[in-house]
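J.: First to last, the protein sequences are chains E and X. Here the first sequence is numbered in this note's numbering, starting from 84 and rising by one per residue. Here the second sequence is numbered in this note's numbering, starting from 84 and rising by one per residue.
No incorrect hints appear here.
Pairs of lysine to any residue residues, derived as SDA-like cross-links and limited to a Cα-Cα distance of at most 20 Å, are as follows: (1) 168/E to 86/X; (2) 217/X to 205/X; (3) 89/E to 194/X; (4) 168/E to 138/E; (5) 89/E to 191/X; (6) 90/E to 220/X; (7) 187/E to 173/E; (8) 202/E to 229/X; (9) 217/X to 215/E.
Coverage of chain E stretches by chain X, computed from C-beta distances (three or more under 8 Å per stretch; other residues unrestricted): (10) 108-116; (11) 132-140; (12) 197-211.
Quick look at which bits of chain E chain X covers, simulated, 3 or more residues with Cβ under 8 Å: (13) 97-105; (14) 145-159; (15) 183-194; (16) 217-226.
In case anyone wonders, no lab produced these hints; they're calculated from the structure. What you are looking at is a predicted structure, and each value in this text was computed from that prediction instead of being measured. Ideal Cβ positions, reconstructed from N, Cα and C, are used throughout, including at glycine.
2 protein chains.
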Amino acid sequence: MDLSDKKTRREIGSSCACFNLRRAARLVTQRFDRVFRDADITANQFSILMASYNQGGILLTGLARTLGMERTTLSRNLSLLERRKMVSIAMGGDRRERRIAITKNGIAVLERTLPLWQKAQNDVLGLVGQKEWKALLRGLHKVAREL
Amino acid sequence: MDLSDKKTRREIGSSCACFNLRRAARLVTQRFDRVFRDADITANQFSILMASYNQGGILLTGLARTLGMERTTLSRNLSLLERRKMVSIAMGGDRRERRIAITKNGIAVLERTLPLWQKAQNDVLGLVGQKEWKALLRGLHKVAREL
DNA sequence: AAGGTAAACGTGTAATTACACATATTACTA
DNA sequence: TAGTAATATGTGTAATTACACGTTTACCTT
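Go ahead and model the full structure; you've got the sequences and the hints to work with.
T.: Take a look at the structure:
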């Protein structure tokens, strides 16, 4: 490939899996976090809380896998939520283990944030279009399964 | 919606635009950056350099819009690349303006990183599947257009 | 039981991201 | 032209991300 050819460069930009996914993630995250502005949590924290709710008692490493997040990244994200009493991080029988669970307070935060999530979600789906979004979501699930 | 219902919670997780996009972006970025490990730049910097090449002389704000990146985010990303002589940040006739351009050195870095990009891109497309990827990419472009 | 291997996790460091706020410069308007 | 609005950008702060490296604990093999 010849980078001095502008057509080649544009093709790379418009097809790059990393760039296009990151850009879309940035744009959607911005939308969500603006809607979440007056909430007690970010959209990212909302996802972590929801996963902790669904997989109560799961190990840190397992939760990281579910979230497609590096273990150490999740560790730091959870520390913030633990400090704010939204999750508990308990030692398992195996003393290396960290068992993650959402707290009552975390559930309460989730519940009162849910309407904001619904609004942000509807906003984005409305702009993208239901049909287009369905196809997109299928692809995102495939990525999560395969990578 | 009732969060005490597990089915509801799982539905939220598997449909959330923000979570699913961010997770896919994380996974793909991890792949790319592992392939880029011995390169002089990250996958994100690769994208910024490529856009700076394509839009040579563009203003910071305009480039940020192209990249779907907050202006201040791009400002800091560009500072790193300027310090390493990969882009130039020049004042325009309007002294508020910052005109961004890739340098000769930046082009050289791009050229020798291109094979790594090609490998990472092929890896991801192979795992996701060409057909699935095409549909996904269309959706990502729609997101970038509409948000 | 000792020694080596594997598993689970934390810390140091640095890049990435963006909001709130502030500054500088230009354009517009009364 | 003085004052105001709009534009373009930078800085403070904090969350998010992940690699490299190190520690602790459990398991396994002899």
